Structure formats: structure tokens, C-alpha cells
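Sequences listed follow chains A and B, in order.
The opening position of the first sequence corresponds to residue 1 in this note's numbering, with each subsequent residue numbered one higher.
The opening position of the second sequence corresponds to residue 536 in this note's numbering, with each subsequent residue numbered one higher.
If you are wondering where the hints come from, they were derived from the structure by calculation, not from laboratory data.
Remember, it's a predicted structure, so these values are computed and weren't measured experimentally.
Where a beta carbon is used, it is the ideal one built from N, C-alpha and C, also for glycine.
There's no promise every hint is true.
As the list claims (entries may be wrong) - In silico lysine-lysine, DSSO-like type, Cα no more than 27 Å apart, as pairs:
(1) K238/A <-> K213/A
(2) K562/B <-> K87/A
(3) K622/B <-> K559/B
(4) K97/A <-> K592/B
(5) K565/B <-> K87/A
(6) K196/A <-> K21/A
(7) K316/A <-> K355/A
(8) K87/A <-> K97/A
(9) K21/A <-> K238/A
(10) K543/B <-> K559/B
(11) K622/B <-> K87/A
(12) K249/A <-> K196/A
To be verified - Rough simulated footprint, nothing fancy, chain A against chain B, three-plus residues with beta-carbon under 8 Å:
(13) 572-580
(14) 598-609
(15) 613-625
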Amino acid sequence: MMGQRAEQIFHGQPAAGTMAKGPLHVLPGTRQETAAPAAGEDLAAALERARSELSRLIGNEKGAAGDILEFQLALLDDEDFLAPVIKRMAAGEPWRKAWREMLEEEIATYRDSGDEYLAARANDLRDLQMRVLGTDQDMSGIGRGAIVVAADLTPSRFLQISRLGVSGIALSGGSATGHVAILARERGINMIVGLKTAVETLPDGEQALIDAKNGLLIVSPSARTLAQGAERMAHEEKERKAAQAMAKKPAMTADGEPVRVLLNAANPDDLEEISPEICDGIGLTRTEFLFSDGLLPDEETQTRVYERILAWARGKPVTIRTLDAGGDKPIAGVTADGERNPFLGLRGLRLSLRKRALFRRQLRALLRAAIHGELKIMVPMVSVPEEMVQARAQLEKARQELEQRNVPYGDVSFGMMVEVPAAALMAECFDADFYSIGSNDLIQYTLAAERGNPEVSWLADGCNGAVMELIARTVRAGRRLGREVSVCGALASEPAHAACLLDAGVRVFSVAPAMAGPVKLAISRHAMAKGSKNK
Amino acid sequence: MTETVTGKVVITDPAGLHARPAVKLTKLAKSFASDIDIRAGEDGGWINAKSPSAVMKLKARHGTTLHVRATGADAQGGVDALVDLVKRGFG
């Protein structure tokens, strides 16, 4: 089945990184998380759970992907297929062992059938095997250098895969501005989203080239394509080295205007692998990741996490954003269910002001950690000045709570994200010590184009004039009031957009760690337009 | 009551008996009480037409002659229905 195939090109959208080659690794069944199995489940109950999951998934699928799910569902009612499992159970084997091993044999039969179509279905059997066992996606087979293709990935699965040293990831779902794509940029992982094909139909193990800059997945590339790819990769490598050399130097434009480059961080574990020398501090810490297992960490645990980040920064300023749940970052038990439009719903600070005990718990932990460094608290998703008044009242209350307990705390500055056009237009009316522009939301709210929707994401151009005007306006407001203005959204991490941000007056960039070098390189190549220097 | 009925039909669907046709064929076979077997070509082994796993592994591709054999009260109806399904290209 591995004969000479014709080159096939699949189109998607660029999400992160550049170019790499490697064998395809098709991950089946990542359309949705599976439900957790009940304790003490027997085979009949496991089959029933798998049936209902599949029926639900089939409801959303059409075409090839739907047919393949139908096939999985049919196997669950296939007496001949299940007979060996029943037989082994009758001989006293636990059902899980019997099921796993029977499927393993079946998978081998399919894979070694010498029939291309049947071999491609081996992945579906793997999916079915895992589904009935109720275990998570099996990542064990993913080798270094593989190009992983999947329908979609949850952030937790993405993080697992990103640690395996893969060449790239291509998803048929997702969007270039979605959460997983943001993570990919942070980690410098080549990624394509919105791939126009049913990933289950791609040949597992086949050589491929991922061109993440142009959003292409080239399967079975010809010798000519490979040669062109090698040339491109050599060029990228040269640029990468230039950027790496730049990373530890202070950022400066071609005509000597100093710029500060901060980092976006997700959790202290990620920072361990990064040298603080590449930045002037941390411009954004996303604390949603603390909550990713669905549990809300207590004050002590949170304090220790924040202290670790401050210790890493060695005296450089650290900005930590309070919980930004909701929108595309739902957290079970915290965010509201069933909102018609979660992006315009109860999210960010709006949610924190509803869950005040949770909010103050985080504020107390931040205040306590502030003893150990320069800590800046930033609240997300602010629309009107009254919200900052209320947020500050909660900060004050958190201080009082600590005083009552005789717990020491440090000084913090208290700023806001500017991601709603209303906040950008009226920035000076808000009681904020600093402003940080969240470009992802600012772009989507300004252009009314949902970032998770690949059909309209082309509208979300970062250098759109209206977006730039809102950014420039916020910068001017900050200058008048002597308050720092930074850009921490994905826009700041894109070297191609450095020039237009500099021209809009931005002098503080907060970027994905992997992009510090490339962004500094882009800044060093840009000379300020005449007259904009002291705008 | 135990008569055995046979039939045969050439698979015209370009993709052969892949996932969707295999599911359709087994679902149809299951709607009959009779035992129904199929095989790919004269020399193939008979397999249970009600088992999607077995049908899939038959690797019956475009141009293959599919043989159908049924035993039971509604055997004739079962053979006719299956032959008709394959003729229609599993539509």
C-alpha cells in the first residue's frame, strides 16, 4: 500500500510556524471529548455508552466522516465481531482486557490486509477500541518528526502532542485565532487549521510536507516539491538563526527607537524552559490554565504559582491577568451554559464580578505574591468605566480580608485589557494604571467577524485601518495620562505586523516566547515613518 | 421452510463494499429472519451477511461478483433484496 502515490495538496489556513516534512500520523476520533465512563461499568454498559456517543457524533457529521462513524456503530451490534470477546470473558478474562486484545488483533488484520482502503480503517478500529474503554486518545504511537492530522484538538491534547517533538499539526477544524493556534504560536509548532478534507481519509504513515505559512498540507510530495521545500526550509532556518541571535538583545527599531518586548506566559512550567534574558518582563499570564482540570485552586496554591512566575522574572515586571473564562474558554462549573452568544456574554471581568468570592480569592493570592516582585494585575474584557470601579472595590476588599487575617501582602498596579471597541474609544475615562490591548477580541469585535469561524476569519485582518485607529487612539490616551500601553494579543506576535503596530505608536509588545526573536528582528528592520516618531 | 436460495450480482459501485455500503448491506440483511451469507467470487469463503466486520474484511471491490445464499422462511426475499441493493449501487 506504500507504492508511489501521486502528490496531493490539501488547503487549509496558516495558524503557526513555517515548514517541515515528516510522516503523517492520523489521529482518529478527536471530533469531541468522550464522556467519562461510570465506575464499575461492564461491557454491556460500555457498549451502550459508546453507541450513544457515536449516535450523537453522527448527528453532526456528513459525508465520509459520518459513514465511518456509522460503520463503528454497526460494529457494536455485530455478534460475530463481539463473539471472541464474549468467549474470552466466559473463560474468566476481564472484559477490558478481552476487548482491548481482540481489537488489537483486528487492527493488525486491517493494517496488514494489503488493501489500502481496509488499512485506512485500522484507525477507526483504534478509535472504537478507545471509545469503548472510555480512555483518552492514545498518543503513544506518535513519533518524533510526525505530522499529526486530526479533526480537532482540545488544548490539553494539543499540549500533550506538542511535547512529543512533532514536525507539525494539521486540523480540519479549529481556526487560526482559536486557543490551540495561539498555543501553537507560543511553542513554535507548525500548524494548519481548517484543512479541507476528512482527515480519516488521509494515508497514515505517508510522507508529507506541511507548509504552515501558506496553509498547505502536501501528501506524497514529488521530488520537485521536496527540493523546493528544502530550499524554503533552508531560508527559514537562516531567518530563525538571525532571530535567535536577536532574542537576547534589547529591541530597537532601525533608526534607534527603543522598544520593550515582554512575554505571554501560560504557566510556570513553560517558563522553566525559557531564559528571562529574552524579554523585559511578562506582559500577560493567562491564569485560565490554572483551572484547566476543572478544579479551582485554593489561595495558597495560587499564591505559590504566582510566586514562581515572579521568581522566574528576577525583578522584571510581571503582568498577571485575572481569570478570563467564557467566550471560547469555557470552564465547567464556572462559566454560564447555553448562552446564545458567549462572546457577547458573561465572560472575563463580567464573570469575575458575578463570582466575587472566586475573584477575591485570586486577588488575595496575587496580593500575597506581590511581596516577591513587581506584580501588575490586569483584568480582561472591560467595557465601561463602572466595571473598573467595581473591580477596584473588590481589590480593596481582598486587601482588607488579608489584613484581618494578618497576612502580609505587597503593592500592585491595577490595569485593564482593551479588547472592546468601547474601551479603546474611551480609554482615558477608565481608572486603570496601564492598558494592554488584546488584539484577538478587539479585531473580532471591531469587524464583527467571529474568530472561530473559518468562513469569516479572513475579515479579521490585524492591520485593518479601523483596528489600527483604535490601537493608536489608546496609545495616545496612554501617553497623555502617562500610562503604559502594550499589545498582548496574537497581533503582537506576528513579525509581519510589527511595522504597522510601531507606526500606530506601540512601543511595548507582549509576545509568545517563541516569537520574541522573530519580532525583535522585524522591529530592528523597521525605520519609523517620518513624523510618527514622537506622535 | 428450510429451502436455500442463491443469487449473484456484480458490484458496480466504484469504491466496492466500503464502509457505507457494508453498513447498508448488513442492515438490510438483518431485516430478514433467514440466515444470509455472501462471498466474493466463486472461490471465496461464505461469510455472514449480517456482520459488518466480516463484510468489510471480504475486500469485495468494483467488478467482483457477489454471491448471496439464504436459508429460512424469507430466504427468497432476502436474496432478492440484497441483489437489488448491490445493483442499485447501494443507493
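Hints, verified against the model:
{"no.": "1", "hint": "K238/A <-> K213/A", "verdict": "16 Å, holds"}
{"no.": "2", "hint": "K562/B <-> K87/A", "verdict": "25 Å, holds"}
{"no.": "3", "hint": "K622/B <-> K559/B", "verdict": "13 Å, holds"}
{"no.": "4", "hint": "K97/A <-> K592/B", "verdict": "24 Å, holds"}
{"no.": "5", "hint": "K565/B <-> K87/A", "verdict": "23 Å, holds"}
{"no.": "6", "hint": "K196/A <-> K21/A", "verdict": "19 Å, holds"}
{"no.": "7", "hint": "K316/A <-> K355/A", "verdict": "31 Å, violated"}
{"no.": "8", "hint": "K87/A <-> K97/A", "verdict": "12 Å, holds"}
{"no.": "9", "hint": "K21/A <-> K238/A", "verdict": "17 Å, holds"}
{"no.": "10", "hint": "K543/B <-> K559/B", "verdict": "17 Å, holds"}
{"no.": "11", "hint": "K622/B <-> K87/A", "verdict": "37 Å, violated"}
{"no.": "12", "hint": "K249/A <-> K196/A", "verdict": "41 Å, violated"}
{"no.": "13", "hint": "572-580", "verdict": "violated (count 0)"}
{"no.": "14", "hint": "598-609", "verdict": "violated (count 0)"}
{"no.": "15", "hint": "613-625", "verdict": "violated (count 0)"}
Going through the hint list in order, the structure does not satisfy hints 7, 11, 12, 13, 14 and 15.
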